[in-house]
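For the record, the sequence lines run as chains G and Y. Under my numbering, the residue at position 151 of the first sequence is numbered 182, and the numbers go up by one with no gaps. Under my numbering, the residue at position 251 of the second sequence is numbered 282, and the numbers go up by one with no gaps.
No wet-lab data here; the hints were simulated from the structure. Among these hints, one or two may not hold up.
Copies of one chain are not kept apart here, so a pair can be met inside one copy or by any two copies together.
As the list claims (entries may be wrong) - Below 25 Å or equal to it, Euclidean Cα-Cα: the simulated SDA-like pairs (lysine to any residue) are:
#1 137 / 45
#2 234 / 305
#3 233 / 182
#4 233 / 303
#5 53 / 37
#6 233 / 402
#7 66 / 216
#8 53 / 355
#9 66 / 300
#10 233 / 186
#11 137 / 162
Number of protein chains: 2
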Amino acid sequence: VAANADYLDLLGITKPTLLLDKARVLRNIERMAAKAAAASVRLRPHCKSHQSAEIAEWLRDYGVHCITVSSVDMACYFADNGWTDVTIAFPVNVLELDRIRALAAKIELGVLVDSEAAVGVLGNALDVPVRVWIKIDTGYGRVGIPWDHHERIVSLARAVQGFRRLDFAGILAHSGHTYYENSIEGIQRVHAESNSGLLTVKKALDSAGLGECMVSIGDTPGCSVAQEFGGVDEIRPGNFVFYDLMQATLGTCTGDDIAVAVACPIVGVYEQRGQVVIYGGAAHLSDGSLLGGTGRRVFGYLSSGEGDSLGLPDYDSPVVSLSQEHGVIEVPRDGLRRMSVGDVVLILPVHSCLTCNLHGEYRTLEGGTILRMPGRSGR
Amino acid sequence: VAANADYLDLLGITKPTLLLDKARVLRNIERMAAKAAAASVRLRPHCKSHQSAEIAEWLRDYGVHCITVSSVDMACYFADNGWTDVTIAFPVNVLELDRIRALAAKIELGVLVDSEAAVGVLGNALDVPVRVWIKIDTGYGRVGIPWDHHERIVSLARAVQGFRRLDFAGILAHSGHTYYENSIEGIQRVHAESNSGLLTVKKALDSAGLGECMVSIGDTPGCSVAQEFGGVDEIRPGNFVFYDLMQATLGTCTGDDIAVAVACPIVGVYEQRGQVVIYGGAAHLSDGSLLGGTGRRVFGYLSSGEGDSLGLPDYDSPVVSLSQEHGVIEVPRDGLRRMSVGDVVLILPVHSCLTCNLHGEYRTLEGGTILRMPGRSGR
């Protein structure tokens, strides 16, 4: 029950509302910034997780001066908000060349390529310099050139260098397959293997006479549990600002690192079924799920809220199904007895990035409002 | 490949864009309106699927004069756009009583209850009349009083009638368990069983002297394949305006009834893996999935587009994974050979309601723009 949280009265919640625990966000940022500083790697955090200029300013307070985004829209938004060094960590979308050119004229812009086709279009179109990263696939299998295809990588780097306006920056990877591991050791192993793969690529580029080359990596699980970053120049984690239940399940954060939750009104209490139904569904939480303890799909866990924080996940109270606007939570009998129609409960999200993407703003536990990038997807 | 679609050049798509095939929408509306008219049931379509005042006007052209929504926000939006008879088919959220009161003063408003608690709060607070429906659970198990708990239903109806401003309208159900069936016959059976259950409730209310009582039902699968609606006064399907892959899989629509798709740029072609990667992920399609032919999760299918229509699903080209902004599509070798970085492809959605919810507007194939309800969830 949300009864232990002091801030709910203050916030006056009447419908599904995205809450942000600023103290936790700052602690998460501080920890990652300290880790990057200790390892002498540049922290270029991915801002797709929060998509908020105000939250990006908090990053600046911890020494961050460059960021990562995943679309041209997002790059424009952060450039308009004072960021002058931005990497779009997504295979370059050649249909947005005009906007990329305009942006590159204004800020230091980095883009990603993994094909001669994209390099050709980019190189022929640009009349202002842009930093070009070659995307390497270290085993995730989504985009990029497989790390052991050295010849192809060297050849693509040569193609980049063949264009006057394309500055070959280096190699960049996202080892998203850390999310498939089920132990800290597994994640550390994937992290180490990916990095050693990238270092063989760097060596191959060096041997081919391609000169200085940076190495950029970036997945929150790997960066959270890595003990070293040997040979890496920059890290690009994003989810770490908020973390979520997926990360807590992986063991890459603890429950009290989770810095966002959705506050939802109870609209039905069903004692016989041991369930409550909330106003709060896939439209507010996203359809993202994880495998719960009993092998069932879980779409979130209830949090008690605690004093002035978002509290801890209550693993006995899972969200077991979602429709567009409804959420169904299983609650043990004693918890259920304390719940009534009209109470507000807090749901911790499975994938915080997707959950936040459904909301236009954050409410802080102190009553403030933090805007996200305006407009919805597709606008 | 999108090569057969005439309208893509016209639309000038550069990023993920929600497309609407108006001819299909009108045909879908016409068919459902004709079915309702033939059965002499009132069609009160659910507008959460499209959330657009302009599309609601098309419904009006087919004789619709009353609608269903799933939130107070949506009710306000449609009331502001000229709708004077609106049912909020969601257990009444007592935290929004002020807005409900203001709305009930302006239009004919219907709300749903399934507990004495909600009836008490509502009855004590309202000084203007509101229509109250008792929500019945016909087997879906989400909200409502189970249909065979006649005593509880009669008792709740009496409680409603005990308040001067609450007009007892009748019983209302959503047989969402039609979505769990895997044949037309199965859906028809659930539909028939649900309706006969509701008629026993109606009889019990009548025997208890509660007077005139309407019966309202509403799920797209049931309404699409039902052969009769004996005893039902009103139907509330929503998804039928667009349909989607889930409905096509159920057999409740055909592939060429699907009236929305997301147009997405190709950002990578991976011949060795037989895959293309698009700019278009869970942020544009939603995480919704269905079980594909080989037992794998599928997040959408490619459509060829065809002339001036959205074309048909290509079941050999499934979207096999999504991240926030990336989609991975498996494409047979000959299809892959015709695809290049910078091409635009069309993805048909698994759950059109959730997909549309991620976009601020629709583009018609004629180049028009249709706005959705402003603001994102939580605003």
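TODO: State whether the alpha carbon distance between residue 53 and residue 37 is at most 25 Å within one copy, between copies, both, or neither.
DONE: within (15 Å within a copy, 50 Å between copies)
TODO: Give the relationship of residue 66 and residue 216 under a CA distance limit of 25 Å: within one copy only, between copies only, both, or neither.
DONE: within (18 Å within a copy, 60 Å between copies)
- [ ] Go through the copies and call it for residue 137 and residue 162: within, between, both or neither, with a Cα cutoff of 25 Å.
- [x] Classified as within: same-chain Cα gap 13 Å, cross-chain 58 Å, threshold 25 Å.
Task: Alpha-carbon proximity between residue 233 and residue 402, which holds within one copy, between copies, both or neither at 25 Å - done: neither (40 Å within a copy, 49 Å between copies)
Task: Intra- versus inter-copy proximity for residue 186 and residue 233 (alpha-carbon distance at most 25 Å) - done: For residue 233 and residue 186, the Cα distance is within 25 Å only inside one copy (13 Å; across copies 76 Å).
TODO: Tell me, please, which holds for residue 233 and residue 303 at an alpha-carbon limit of 25 Å: within, between, both or neither?
DONE: For residue 233 and residue 303, the Cα distance is within 25 Å only across copies (24 Å; inside one copy 62 Å).
TODO: Check residue 233 against residue 182 for me: Cα-Cα at most 25 Å, and say if that holds within a copy, between copies, both or neither.
DONE: This pair counts as within: shortest intra-copy Cα distance 12 Å, inter-copy 75 Å.
- [ ] State whether the alpha carbon distance between residue 66 and residue 300 is at most 25 Å within one copy, between copies, both, or neither.
- [x] neither (45 Å within a copy, 37 Å between copies)
Task: Homomeric proximity label, residue 137 with residue 45: Cα distance no greater than 25 Å - done: Between. Shortest inter-copy distance 21 Å satisfies the 25 Å Cα cut-off; intra-copy 43 Å does not.
Open item on the list: As a check of your reading, is residue 53 near residue 355 (CA-CA no more than 25 Å) within one copy, between copies, both or neither?
Closed with: For residue 53 and residue 355, the Cα distance is within 25 Å only across copies (24 Å; inside one copy 28 Å).
Open item on the list: Checking an output row: residue 234 and residue 305, CA cutoff 25 Å. Within, between, both or neither?
Closed with: Answer is neither; intra-copy 60 Å and inter-copy 30 Å both fail.
The earlier numbered hints that this structure contradicts are 2, 6, 9.
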